[in-house]
Amino acid sequence: MSIDKDTVNKIARLSRIAISDAEADKMVGELNGILAWVEQLGEVDVTGVEPMTAVIPNKLRLRDDVVTDGDVRDKVLANAPAKEGSFFGVPKVIE
Amino acid sequence: MSEYRIQGNTGEWEVVIGLEVHAQITSESKLFSGSSTGFGAEPNSHVSLVDAAMPGMLPVPNRECLRQAVRTGMAINAQINRWSRFDRKNYFYADLPQGYQISQLYHPIVGEGEIEVTLNEKDPDSPTKKIGIERIHVEQDAGKLMHDQHPTMSFVDLNRSGVALMEIVSRPDISSPQEAGAYLKKLRSILRYVGSCDGNMEQGSMRADVNVSVRKPGGELGTRTETKNVNSIRFMMQAIEYEAQRQVDLIESGGAVVQETRLFDPNKMETRSMRSKEDAHDYRYFPDPDLLPVELDDAFLEECRASLPELPDAKRARYEALGLTAYNAAVLTAEAETAFWFEDLLAEGVDAKQASNWLMSELFGALNKLGKTLDESPVNPKQAAELLGLVADGTISGSIAKQVFEIMLETGQGASAIVEEKGLKQTNDTGAIEAEIAKIMAANDDKVAEYRSGKDKLFGFFVGQTMKAMQGKANPQIINDLLKKALG
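Respectively, the protein sequence lines represent chains Y and A. Under our numbering, the letters of the first sequence match residues 1 to 95, in that order. Under our numbering, the letters of the second sequence match residues 1 to 488, in that order.
These are calculated hints, taken from the structure and not from any lab test. Just so you know, these numbers come straight off a predicted model, no measurement behind them. Every clue listed holds true.
Simulated coverage check for chain Y against chain A, where a stretch passes if three residues somewhere in it have a Cβ under 8 Å from a Cβ of chain A: (1) 56–66; (2) 71–81; (3) 86–94.
Here are some chain A residues pointing at chain Y (derived, C-beta under 8 Å): (4) Ser33; (5) Val47; (6) Phe92; (7) Asp282; (8) Leu292; (9) Glu295.
Positions of the beta carbon are idealized from the N, C-alpha and C atoms, including for glycine.
Based on the sequences and whatever the hints tell you, model everything.
See below:
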């Protein structure tokens, strides 16, 4: 598997990361290097082996349905770049 | 079930519809955090650091939300997956602080099931159709955006962020707006019975994404569009009608349907393209590394099954066995609230037929006039049972009961108290009744003669006159007996 410059630009766009043309060129080489390295794993025969979903044999912990959190509006809004009253303010988004 | 066809210039077209219904799971706290799900709170007050996606916060699933999804699956005879997993659906939007929604793409908690619908749930002879359910998965809701409060900014309220939703995905088995409406009604009814969602579409507890395509009858499937977030059954049906007609017109005029997301505008009764960017739907799903797989054990599943209530179809059959007509049984079971009200009356000792007749004529009639729903009824089942008890034991007549009921609605007084205070008790005093009968016969000797010469229908006239003279308080059976004797 290898990726081209269009794919790099697309991933950057989807991730909302601005990259210059030169950076994209550089990134193609770097990402392909990483992919090639990971692809060495393809040499291992994993036929019949269940995909590993976690490295530790833990069970998912579930919560009871009780209200134990929230009511921390000032904390939640503390780092907001813009706020208006009790709301976060963001640049107008209308579709 | 219904032959819905759109008549185009090139012949008939059929419509293929699939629905993705988002139903808010009834729970106290959110899917992955301990903040409240309460509706209508101060903005951003029901938000924890998890819901606001602060760095380092970890999600912990709410057992109740999974339980309700499983119970819903069981109610539609669906396959329950003992092993499921959460995935991240990645996209950027101002109402989604994480930058991804935790959902279940690859391994949903509930697999295939089905719902049987009928076009008229109150008509037991109306034909039925099975609509396949592809899956139910559990996911997070997003926050809420407000666009009209400020000239250059949108406001974000994260109270809803992280509230648990079930997404219930149907197969494209629906072939008319009416069927889609019937499906949504039946689904809502089931959710309310199960108690997994309040089904309140006005408050957004239930909304539908509507997939529509058209094709020549029996032909290849056409390209579909998805109309998002339709929040009433009526709007959904209008959106389907409009969208199907639009697609037919487009194809017949040489165009092609584009696979896209659309919005329904209820004011203009039309759907409009949301003109999303071409790669807006490249969600790059992957398993959420913050969450282990969901594994359900026997005890959990057993409890889910044991806690399922009797569902509408089973209830209807049981009501018919109680002696109700098929029509009455269908009406009483269509909504969970109605069935529970009816059963409360039975629990208070009211006879099934008396209860169903009174509920459907008197109570529904009164609520209709008041513009109230059953939940808002000024009279509760216990109070109603007291009234019906007075009729059943002969204390008051049916017509007096109507008067008493009206006073109950107005004043909130109990039936016995009203009967006592207004002296409405039915009289079995044969002497008093006989005296009135004699007076009436004397005043209407022409009618007496007609009756005696064979005009049987006049009997009703005499009953009415006697009851009127007795101010409605006489026992109708005694009036009948005495009149028969007197008229000979």
